[in-house]
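Chains as they are written, first to last, in the working numbering: chain A, 1 to 162; chain B, 1 to 162; chain C, 1 to 162; chain D, 1 to 162.
This list has only true hints and no planted wrong ones.
Since copy identity is lost for identical chains, a pair holds within one copy or between any two.
Cross-link-like lysine to aspartate or glutamate pairs, in silico, EDC-like; alpha carbons within 16 Å at most:
{"no.": "1", "residue 1": "LYS22", "residue 2": "ASP52"}
{"no.": "2", "residue 1": "LYS151", "residue 2": "GLU18"}
{"no.": "3", "residue 1": "LYS40", "residue 2": "GLU159"}
{"no.": "4", "residue 1": "LYS22", "residue 2": "GLU154"}
{"no.": "5", "residue 1": "LYS40", "residue 2": "GLU160"}
{"no.": "6", "residue 1": "LYS153", "residue 2": "GLU18"}
{"no.": "7", "residue 1": "LYS95", "residue 2": "ASP60"}
{"no.": "8", "residue 1": "LYS133", "residue 2": "GLU72"}
{"no.": "9", "residue 1": "LYS22", "residue 2": "ASP83"}
{"no.": "10", "residue 1": "LYS133", "residue 2": "GLU94"}
{"no.": "11", "residue 1": "LYS99", "residue 2": "GLU73"}
{"no.": "12", "residue 1": "LYS153", "residue 2": "GLU87"}
By construction, these hints were calculated from the structure, which means they are not laboratory data. In this text, all values refer to a predicted model and were calculated from it rather than measured experimentally.
Number of protein chains: 4
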Amino acid sequence: MQIRLFITGGTFDKEYNELNGKLFFEDTHVPEMLESGRCKVDVNIRTLMMIDSLEMSDEDRKIIAHNCVHCEEDKIVITHGTDTMVETARILAEKIQDKTIVITGAMIPYKFGSSDGLFNLGAALAFVQTLPKGVYISMNGKYFHWNNVRKNKELGLFEEML
Amino acid sequence: MQIRLFITGGTFDKEYNELNGKLFFEDTHVPEMLESGRCKVDVNIRTLMMIDSLEMSDEDRKIIAHNCVHCEEDKIVITHGTDTMVETARILAEKIQDKTIVITGAMIPYKFGSSDGLFNLGAALAFVQTLPKGVYISMNGKYFHWNNVRKNKELGLFEEML
Amino acid sequence: MQIRLFITGGTFDKEYNELNGKLFFEDTHVPEMLESGRCKVDVNIRTLMMIDSLEMSDEDRKIIAHNCVHCEEDKIVITHGTDTMVETARILAEKIQDKTIVITGAMIPYKFGSSDGLFNLGAALAFVQTLPKGVYISMNGKYFHWNNVRKNKELGLFEEML
Amino acid sequence: MQIRLFITGGTFDKEYNELNGKLFFEDTHVPEMLESGRCKVDVNIRTLMMIDSLEMSDEDRKIIAHNCVHCEEDKIVITHGTDTMVETARILAEKIQDKTIVITGAMIPYKFGSSDGLFNLGAALAFVQTLPKGVYISMNGKYFHWNNVRKNKELGLFEEML
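Next up, chain A with everything else stripped away, as it sits in the complex:
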């Protein structure tokens, strides 16, 4: 069983630029994270973009959806900024019903101490192997159906809407 892993950026992959003190994107850390997790699942990684999800456009979401539709695998994990994760999930759910898609991200960059990234990646890879077809968000050790989740920006966590 092969799993497709699409990378879109987000806090997960933010780096600290020591020349100007700003956070930025360079290469993804996901392969390094899978290695750290001694992950032996057959994962096929492809970087689609490296952006902050606040800057993700409709066009970007079309690219993600297009890739989800046309890849061979029917189990897909997407790393994504947390701010608009729910919006991307909705677009994907409209277009794709016959695959299991799990979107995850991080509140703290992987390169920072005490990041949630490795925990979230482990959980997302487990959920994608076991959940029925559908589009889900996996954060905080939980999974959420795409149509029953929101980010609580005050508390910095995801929760069911009802």
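Using the hints provided, position chains B, C and D relative to the given structure of chain A.
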């Protein structure tokens, strides 16, 4: 939905003793790891023992089984040394059929850089929420049925027997 | 021999705010860093401010100078943002000739992986114990006299002017 | 000004072997540590051995002394296990009077979280640049003359004998 998390020690929780240069057990790091993962799942933690799994006796396994049988929750994660994880899984499978039990561990202590602990804990918590009743081992991003898994000590990974 | 350690903020102490994705100051990490270094030097720590050095005003520098003049110790380490470290050194050198003052900082926040903070703090504490009276900047494992140093912003390092 | 850095092993460079759960030596981490510290001092590194200092023989100490005598640099840092650091310092002091030699080490492996290694390396490099000729041990943020220091094994720190 509440999950019970039993801690038995293993590489997960090994510390470095700076006075004698040996590895030892002190307190478990699991609560700190759940905090790092921003885990909001309702997890009920109990430490049963803090030992190297090579030193786990039949009596110790009886204690683990007893606790799995008698706890209220029907979803249980156990952190465990990797060397005899398979043996404990077999004992539990003989006695418990009506719960989902996921045993996990780590190849590298959490406190060491590049530990797989956080990844494994995220995956184990996800698997226990989604797998049907039974006893499983979760390592390397995968889950294994208790009766079809072995540790490959040369490669330092878990694999199916067939 | 007691050393006075004044904290003014800078990259050293920047944290990642997971609610808005911005870097900010909270408490200083210097005591934690000294503990990590198993430092047994008699260090008397006082936080004067917690700011980015680009925002340090003349008034702030007067506060730093005032504290350097009036503290009992004649060996002083100051943690400081790297961008205006040289300017603060000049102000201090004008007012104080009878103490050894070593200013240090970091290019990467301590909480980020691969920070230079701990290395720099160790070097600054060593230099302050051994250099003659004067005002110095300690970065990149070197010490510089206040009047012969500049930050090379392209390369992200400190260098002598001649 | 060039500094010679001799590596002999010690806790500094210990790794965790995930196949057998034991600590062992592989390559030194010192170049990686200097990079992390953004060290721009001209350091000439040479690994002499990679051993636990409890297993260091008279022959090994002769090799270290021989290298200290014959290298071009008159400023030398040696990384060394803490248990017999004092003994090596004594041997070196008998044979070498015209160089500044600073021996340092770590209580916790660099690869473990909360290691003192980076702090100690920063301090040792600073001391070797500023101390007069002689043989010193640098630990705990302090420097000690070779003939007035002992390791307090109960407390895990170095202290003056008088």
